[in-house]
Amino acid sequence: MGKKKKSILLVSIAVVVAILFLMPLFWMLSTSFKTDTEALTGGLNWIPQNFTIENYTYTLLGEGLNVPVVRWMFNSIFAGLVGTMIIVSIDAMAAYGLARLDVPFKKYLFPLFVSTLMIPFVITFLPMYMQFSNLGLLNTYAALILPYTANAFGVFLLYQFFKTFPKELEEAAKLDGANKWQIFIRIVVPSAKPILWTLSIFSFMMIYNDFLWPLVATSSPEMRTIATGIAVMQQGSFVSSYGKLMALTSIATIPAVIVFIIGQRYFIKGVTQSGIK
Amino acid sequence: MKNSKWSQFTSFLFVLPYFVMFVCFLLIPIIYGIYISFHSWDLLSKDRPFVGLQNYIAIFDPGTHLNSVFFNGLFNTFKFVIFSVPLLVVIGLLLALLVTNLPKKVQGFFRTVYFIPYVVSVSVIAIVWLWLLDTNSGLINEYLSVLGLDPIPWLTRIPYAWISIVVATLWWTIGFNMILFINALNEVPEELYESASIDGASSWKKLIHITLPTIRPVMLFVFITSTIASFNVYGQPYLMTRGGPGNQTEVLLMSIVDEAFSQRQLGSASAMAILMALIMIAISVIQFRINRASEEGKFKRKNKKGVGVWAKRKNQSF
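Line by line, the protein sequences give chains C and F. First residue of the first sequence: 105, per the working numbering; consecutive thereafter. First residue of the second sequence: -13, per the working numbering; consecutive thereafter.
Quick look at which bits of chain C chain F covers, simulated, 3 or more residues with Cβ under 8 angstroms:
id, segment
1, 111 to 125
2, 146 to 156
3, 194 to 203
4, 355 to 361
If you are wondering where the hints come from, they were derived from the structure by calculation, not from laboratory data. Note that the Cβ used here is the ideal one computed from N, Cα and C, for glycine as well.
Only chain F is shown next, with the shape it has when bound in the complex (with noise of 0.2 angstroms):
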């Protein structure tokens, strides 16, 4: 009979290889950077010397080039993130709504439509898009100088550079949210709806009381994954404006990008990249607690009335 370590042993063989890849490209890197935010790092340089937390302490003294820089990039990206995520929240959900009430046959097809933009890399997505916005020759002031208007200039004036990021970028990623709805919609149980339906209710009733209430959790969900994606921003601005008009759309990874490779000062580009970590990680942190407190609230709530909210508003005349 074999002994259980070696047993153990054989099954650890299993993990081992991605244990492996975890610990060399995920947490020596996280250690690594920490240490590399801990020193005055230029890239061209051999002599890398120790300056504890001289870097994070210039990032919030006002007046240092990197207080400029950190904090211009963090209120850019803030500014995509309250643009871009109720948008993609709430046309990924309104085109789950069109796509499932759509007749049976073609739904599948319409659904294949909306998603491919998705599937495409940022760099196409915006080089498409630069060409589309061109000032000149693009697509979309041609569409508007036959209607008469003048040519906009679309990716070098503010708000017209940040109207063109967040359309490229919902029409890039609205698919997956609306995948994720599509999907919540499909699994509200039929008879919510069919007891509404006896009671009269309208399809917009039916909409605000029964599916909004029960897809709430993948609401909450999608407007999580869509703030920390849309806090990843970069290709966007990075291939379409540049940064521009001035740096009124350089968000916070390009001018870490910036500080790392152009500056070349590794130090105190990693104390951003750390910064912005921790601050996307506290903003996911407080969404997810925010989410649970507040389901937690509802089932206590109902836990009092005791029979539960859902029979008591059946009752009710939509």
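Same shape as in the complex, but just chain C (with noise of 0.2 angstroms):
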């Protein structure tokens, strides 16, 4: 087979994946603009025969509808983005702590931190539901946020990178009196950009599209993140309203696709860094 027809067949090929791969999404847009009635009687239209933005301003606007969804967007997003930017600093300054500084115990603490990324999840969650219960703390944000930033994908990542991070810049700065904060905040953070955003787009995609933590630290319709939302609405009120819950989920989905293309770099990036252990 000459290269130029074996290309051929592969972009085919890909093509057809391609379009696997699309197609629940398209569905799922395509469904949001139709009303229930015609996505219940079923078939194939692609394009709505009665276009209707009726089911995105139903569910957003919520005339006669009694759940916040536009207060989901904002718990999800605002959740994400405090408890990135709680994640990033934290990570960040322990990593290059235990990297470059004179840490005590340092020896037995990064390998006690990175241990507990083997520790499933499925062990804390009911105590952690119990110590926020105890302090009434069910149905806050620092539910939703502070339970995320115990990870420690994010400290074994930068300090990965921190040890490997050229002394002399440090030792320059050093001579011209700065001292470790100085050095870190002016020299360090800079020269960590590329990592640190790589953190922050997984930090929030990690917290804006978590489910389980966030259902059972939740029951008050105010505190639902969206995508504990959705779900609760899929089992009530909105049961059989696909159309209706097709606009939810292309509503819920939105955020996490803007982040992802424009830190696509970064995110992929990521994925790569978390296989190198």
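Two chains, each in its own frame: build the complex with the hints.
In structure tokens, the structure reads:
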């Protein structure tokens, strides 16, 4: 087979696979612009017969609907952003300290942190529920944010980076009389920007998309995240209103896809680096 | 001059914020969870007596409710792992081979398209597939009826319920494995292929004798991480089949959540959770051991033969 023929064949296969991958998302969007009746009568209309944005106005503006979808979106984005800022700050400091500074017991601390990457989530979520319940902090932003900040992935990722960071830059700054904190802020952080972006995007996605923890940690309608809110709707008042459900899932998907497309380069780098162990 | 105690103290301040979070939201929960598992812990009652190992004993005592719930969940989780992991590895590798063999210009585009479902949350995935697989008006049964086939009850009959959960999971997470494989494939040294081409090796032989052995460590890594991820399955069966038909797709994590929040028995739920975690840790340790043992075996063989397997292989005709 000629080289050209071969690549035409491969590209055709790739296109067919791509259509299979995108079909569920297109069908979601298509259904979200149909009336519930048109959705339920079935058929293969990829383009809605009676194009309507009613599903979006109904779920977002909530006339006659007693669930705050906009609030759910805010909760998810807010928890994602604040959680990401905390994770990136404390992980960068800890990783730099462990990789470069004279932290006492660092020989034991780093392995202790990293070994928890082996510990499955299932072991912590019930006692964490009790902890937040004891403190009266269920249904708060604290519950939607803080548990993620203990994840050692970021410390592990950044530690690898700081270990290979050239010492000369730090030493030059030290000679100029800068202290550890100034060196960290002025020299180390700026040069670590790409890897900090990688961690940021990963952290945002983790918090924004998480399902089981926010499902158990929140029960009041105002404090749901979008990922858990749509699940509640699917099992509740929207049970067979597929037009409205697909509008909700489309709304939920948009921020994640935007973040991914903006930060794609960093995100894929992060996946790659998670494989270096 | 600053003394070293002071320097150590200021250095520790860098680690302190993370350390506090680590203690509060990882160390304490682990210990607290073990503590809870030794109690009869009713969520609604203030009286939570110490019962020792009774929760664990009940799990292993045939005939108790806890025993049947735990082992039904564990068995179903194992089923899901066995159905999904081989496909996650093999299809992930096939997609990566497809992408890396495409013309350079379009590689990035297809990589992105295949990866996109991964950035969506599990509840979106599950609800979209619930809709696609709907028995009466779902897209897939509509296409089947165009072909003159009867509608299939995708979510309410075995084995279809498992097929649905596995397909939705593949669609959702395969992109992650694909990226790991693409990276591994790009790192296979070009010289290996070149010398094989000189020997007139076919693409298939190059794949079997060069590519696969070289990326073997990544394959094992993908295998281990996919196993762990599949063990944690929850959202797909919870939303798509609700554990049904009957409780035939009720996975262990669902049983644990149900025991904790529907039955309100946090003590026995914690015992189940700890056992599940121990099983998962044991499986990953075994997989790592097998991995290391086979790596060492390969190394020894190489050393015994002195020159290394590759040099010898190079002179064979492919």
